[in-house]
Amino acid sequence: MKKEKSAIVLFVKDEAHDIMAWLSWHISLGFDKIFVYDDHSTDGTYEIAKSCEGIYNVEVCRTSMLEGNFYYRQRDSYFDAIKKSIDHYEWIAMLDGDEYVSIDGTQDINGFLDKFSKDDTGIALSWCIYGSSSRVLKDKVPTYQVFNHRSTPELNDNTLVKSFVRPEAVSFVYENPHKFNLSYGNYADAAGQPVEWRPGATKNILWEGARINHYICRSMEHFIDRIKRRLGSDLSNSTVYWSHFDRNDVYDPQDQARINAANTVYNTIKKSVFQYSMKNFLEKGNALENTENSLAPHRKVDVFHLKSIHGEHLSLNNIDGHLFQGEGFERILAAIPYDSNKIWLFRNPVAYSSNVRFHITHSAQSNYCYEFEFDSNESDGSIFIKSPKTQKYLTCIPASHGGSVEFSREEASDWEKFYFGEKVSELTFVGDNEGPASDLIYYMLNSAGSFPYEEFLLKSSTLESNDRMNLKSLLGPQIMSII
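Here our numbering is used: the first residue of the sequence shown is 585, the next is one more, and so on.
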């Protein structure tokens, strides 16, 4: 049997916020196989990875808790994946959830690996440590897209490496997760040259050709969560770790074509997480025994772009930015979901960015789908949009006066007029009425598994926090990764 070229193994625990990004990136790079060893996560990491098994060549298992030491569970996971890869894959890489393979140019991972000789049985890729890009809070922008500032080679930690190895060459004598002992052959660097090792698993830094982007900090919220999880083990209640690794010296984003390819996979995984969650929910005794009278998606909801009285579309100035007038990162969408005075302003629900929160100045909230009230003006077909939280009207101030879009008007006049632009699409919903989580769950139960992803995404965004937690308890913690 002819071997496939590449496999990669991820050892991971409680990375539900970012594992979709990790999987999307490495699937889009062209790895033939991904092994995921989940170290008994409780936040939905395992379930997110499992949802990929039916659509990509991903194999997910849990580590054995018979081994009490985290360090050795990681070793056992790597060794198990390497043994599974013998006679099946030419190369296998071992990474953590904050490490991403980065390749120069347009070739995929298999094209990169093709240049190494049979005598090369290990490849050492240098770390390239990325900082927080001044991010404080987590959001739903993928890791590879949101953190764009890195360290320089002067940061000595970048001398550490992560490895690709030929499975048959591994001697299974473990030292550390960076460098593996080989029974024959040589370690090469990204340029195909023999590695001159320094003490430990370190070498001269080489970032040309390929490297391991190490998003060790990510946002400050990530860092705080990490301290909470590992306090008293290998981290302390201190900012020393953050201060050392939060290096933002050079703006060095990933190639846009690679980001686009990964985002396509990311969007597919989001939908798969929803379908996986629904399937498990219904299989756990929640499905109706008689599905003859199940509710099918039937109600059409028209979706439009929205224009200000100044003739400008409402858009976002960047992926997680603010609503403004003009052409920006993405036009916002509008729909009247029910036979009432409610209007939704939301992101495209079929795009990878569908659940990334954006901001409307003075709205007193942050969401990816906002629910407001509106009044119609039959005289000119315009509408006024009002926030039920602040009781203020949305206004578009002319460019000559600053051009902002904000909820700041006690009364509505010309600047507060909005118009539906061209129809963009239509959504098909199961539910007829607005209501709390119990109504949403009722429709999900009665849909015989056909409840639309788009309806769930948009309706769940308008729920109160207690209702969202109810969804989490029913569908599993992984559902929070997509809403």
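Keep in mind that the hints were calculated from the coordinates and are not lab data.
Treat the hints with caution; some may be incorrect.
As the list claims (entries may be wrong) - With a Cα cut of at most 27 Å, we get these calculated DSS-like pairs of lysine-lysine: (1) K597 with K926; (2) K597 with K863; (3) K667 with K699.
Here is what the structure says about each hint:
Straight-line distance between C-alpha atoms of K597 and K926 comes to about 41 Å, which puts the hinted pair past the 27 Å bound. Taking the CA atoms of K597 and K863, the gap is near 24 Å; set against the 27 Å cutoff, the hint holds. As the CA atoms of K667 and K699 are separated by approximately 24 Å, the hinted pair is consistent with the 27 Å bound.
In the structure shown, a violation is registered for the earlier hint numbered 1 alone.
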